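*Asks:* Residue numbers (the numbering used here), protein chains in the order written: chain W, 23 to 115; chain B, 13 to 529.
It cannot be assumed that every hint is accurate.
Stated by the list, open to error - Computed, partial: chain B to chain W, Cβ under 10 Å:
id, residue
1, 38
2, 39
3, 48
4, 52
5, 55
6, 106
7, 110
8, 245
9, 261
10, 284
11, 302
12, 385
13, 520
To be verified - Some chain B residues well away from chain W (every beta-carbon gap over 12 Å; in silico):
id, residue
14, 34
15, 129
16, 185
17, 402
18, 406
19, 475
20, 478
21, 479
22, 480
23, 500
Honestly, the hints are just simulated from the structure, not real lab data.
Remember, it's a predicted structure, so these values are computed and weren't measured experimentally.
Glycine residues also receive a C-beta, built at the ideal position from the N, C-alpha and C atoms.
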Amino acid sequence: MPTVDSRLADLDRARWRMALTLTGATVLLYFGFIALVAFGRPILAVQLMPGLSLGILLGALVIVASWMLTWIYVRWANTVYDPQVQALMEPGR
Amino acid sequence: MTQTAAETAIGHPNAVAMAFFFVFISITLAITFWAAKRTRTTEHFYAAGRTISAGQNGFALAGDYMSAASFLGIAGLVSTTGFDGLIYSTGWLVGWPVVLFLIAEPLRNLGRYTFADVVAMRMRQTPVRIAAALGTLATVTLYLIAQMVGAGGLIRLMFGFSYEHAIILVGIVMIGYVLFGGMIATTWVQIVKAVLLMSGALLLALLVLLRFHMSPAALFAAAAERYGDGVLAPGKLVSNPLDAVSLGIALMFGTAGLPHILMRFYTVPDARAARTSVFIATGLIGLFYLLTFILGFGAMVLIGPETITAVDKGGNMAAPLLAELLGGTPFLGFIAAVAFATILAVVAGLTLSGAAALSHDLWVSVVRKGRADAREQLRVARLATLALGIVAVGLGITFKGQNVAFMVSLAFAIAASANFPALVLAIFWRRYTTAGAVTSMATGTLGTLALIYLSPTIQVDILGEGSAWFPLKNPALVTLPLSFIAGILVSFLAPEPEASAGFTRLERQTHLGTVAE
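Chain B with its partners taken away, still in its complex shape (with noise of 0.2 Å):
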């Protein structure tokens, strides 16, 4: 039942995956055609007129959120490890219910177009603006590097295209949504990519399922008769606790504080609206991960570990080989194209955001005082879109070949420690000063860069010392709380009466978003 790595299409250019993908393209870049005549201010570009609905946005959120990392990644993950895979699948969940209960509504009531709208509402501008744009760009720098490396390594192995050239074909057309067509466009490929990521995996999943006699049990019994009961279990990968403990936190709070998601909170037209595509997302990214369960496992016992890493080292390549026993060279075509809408996606968004921290709260709060005209703002907005995108290609090339799965985890490190304190302080905190917002952002910021560069991950893996002076891997354990301090601190050693008096502001206005607008 088990194939051999030499007889897998993967690597070689194939006629059916070409097909999905122009098809793909096409539909993508007829949505940005149409999207680009209904885009002629800011408020389309950054939050699509505010008329995207609850369902709509709960899919663009399961778009912009679920990446090839983790579709690709945790099934290749479960298929060599088992359970220890199944720790990544919960781990990317939970964020989502405290992106509901804490930020959401908040964000959609208070802000405009970036999270940064909300923490700076009643503080000084500048200051505020600028760390937090600091913050926003670091999240969303790391991230993209990221995903470019890994679409460059993917694109390469699907299609048989060179490194360079995925990466620049995938900067070319990501560019082209975000530049002409800006949220709408973004968010309908994001739609696009959702329900394609979603059929595609529930047909796999189903097709192992069959094999099985519908039974995910004897699924992992037949996994656990031929690997051992160890592939059930907790096995080596949480070798150390508070390491595990400190993923946890940056995943579960580094969720709400990626700016490309909470940018979305402001598509659409309430607050209501806003808690019921949560809601939605939850439901559909929760789908997913209980799927990538059945697709590891189905790899491990189909498949096998060793063909896996056989055909890539990191054994990314479980879920296509899947798709490729099951249904042959058609469905493997099929969940390439399916891979590379979701990369296109995510960078999409990742550009979006980094594109309206730069022109929103750089070029027009900053440099301009909020002087800026319309017409000025939105050609300010093109600009940082073209400007990250060519940078984003730039460092996916530069890091071509460079260990950067780190770098998800460091995107969300500084999101926790960095956008998520200083955003829930912001909202509930009457006390919290200009002072407190920018220390705090600054610690998270500096705090998670400086311990990531003592840390293992760094130190040890990258360059080749005998250890650490930093054990954890992840600094998240440290830097949250640190920052949360640092802001609170700050705020009572310093207090600012304006500030303190703009929360009963906040608070009306946040009412008054309750009741429609």
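So here's chain W without its partners, still in its complex pose (with noise of 0.2 Å):
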């Protein structure tokens, strides 16, 4: 049976690869845009319909999919994270 202890800092490793891994997503999504601004000019200029190139489409994506990341931070500690932290302390007190 593992302690409360052991399993807070499961817990906690949980926590700590959740952030890390979609800081990561951030981190790729951001940076694969700016590689492409710096490298990929031709690409970012096709145009998908008359006005609308992919380097305007693209950065917009970068926006709405940061929001979305937080989005899916925010639910899971909601749903998992804090229902679990707080089953374990809660006989403790």
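Mind docking these for me? Both chains are given alone in their own frames, and the hints should help you get the complex.
*Replies:* Okay, structure coming up:
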């Protein structure tokens, strides 16, 4: 039977993993976009429909995707992390 | 459809702008009066008594963060360069997920008023507090200079006041909010500003899109038709990819190290509210930067880059000119008042966080070793506010006419290289030590200042030298890793068992914070 402390430590590691994975995703997303800006000018200049270049679309998507990532984290923390920590901490109070 | 520079009412006293301006000042001063009666302890003064809801804090974070530079500057940049300006729109947003994932909740669970509370928690107080306060003051001062100088120029253009009068006016109103109403007044000024800014930008974007059958693509196509397909793709602004990456690092991790933003997480009741407030703020700020796409290209097509730069070299008047064209003088007046509110909300937040570093970190923790009573703490906090406000006005006047745009990215670079690494290591790394934290923060602050001095920004653009020793305009690419390495190396070389032992207590407190207080 794992102790409360070791289960809390497991939860901490899970939060760490989640935070780092999502940070990594944000970094990849943004610096991927910057790399395209720096080296992929012809690709970004492609117009998907008149006026809507891939560059503008991807720029907007970076913003929207960043927000989606925060939503994923908030949902995970509210439905997984918080209830489990509370369940472990409550009996001890 | 386009107008010429001579026809605009910008630069002339505008009755509607004045009216909106006085309404805004009256409302915010009424809020300050109400808040002043509720500001009795340092907990109220710095943290609004921890009574701000997640939704309110989301708006206040957005109001604290979106500066006039991002509203007027980015719209102007897009209107004159097209796609290149949009690189900034994305860059200013991507720091927010990092704030949420790594910083917001531990900060709320572990600290009281400043981010130094968290870094110093298990360390020896004096050296860490001094280093963190210096990092905070460097960030805040640079940011304040940029805001004040921008404010002076902007208000002169919009209301016809002299530069000095504009700065003094901003200084007096801002000191009034913070000195009497503390964080409660500052929060509500930021909320009012965020609502005004969002509605102004939404309305303006809507009026632009009405001319293009509600289709953003039709707007972009019209821009490409008039100024070439090049405006829809990366141009010459990003000539050096390493520069773009370095600026990106400063924006992304600097947001997570801005003292006035971090301080806002102490105003909510618990970590869950802190978390939700970042989600809301990210949505608001993201929506706002998406609107800059429409506003920028709208100004490019409907006003034209030539007219925009004729009114103001920097392009800052693109959004106001657009407002005047689409909604006449009344709408111009509204947007001018919004820009003014924007500046006030940001400088109030900055001043409050600087005052907290001076009074809470330096006076109470270092000079008085934590033995100051509640009355003294509040008195010192107010004195620090007054002093910092006067310094801000003085700096604003001193730097009149100087090129200070780089100071914002410099402030972000210091926040990213001094404050962010120290916070992350303190929160997540058991073996972090006092010496490691101090070395890391000193390396970040001093390294950034030194490399900025040696960079083309100072050497070529300001001092007029032919070349610069350090090739990048923004040093974060070098200084952020350097600060992490310095902190880790020093911690390994000289372990501090007491600090490591304190980590368990810190973990415990994080968990307790998750259970309602």
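*Asks:* Output the indices of the hints that this structure fails to meet, ascending.
*Replies:* Going through the list in order, the structure violates hints 1, 2, 3, 4, 5 and 12 and respects the others.
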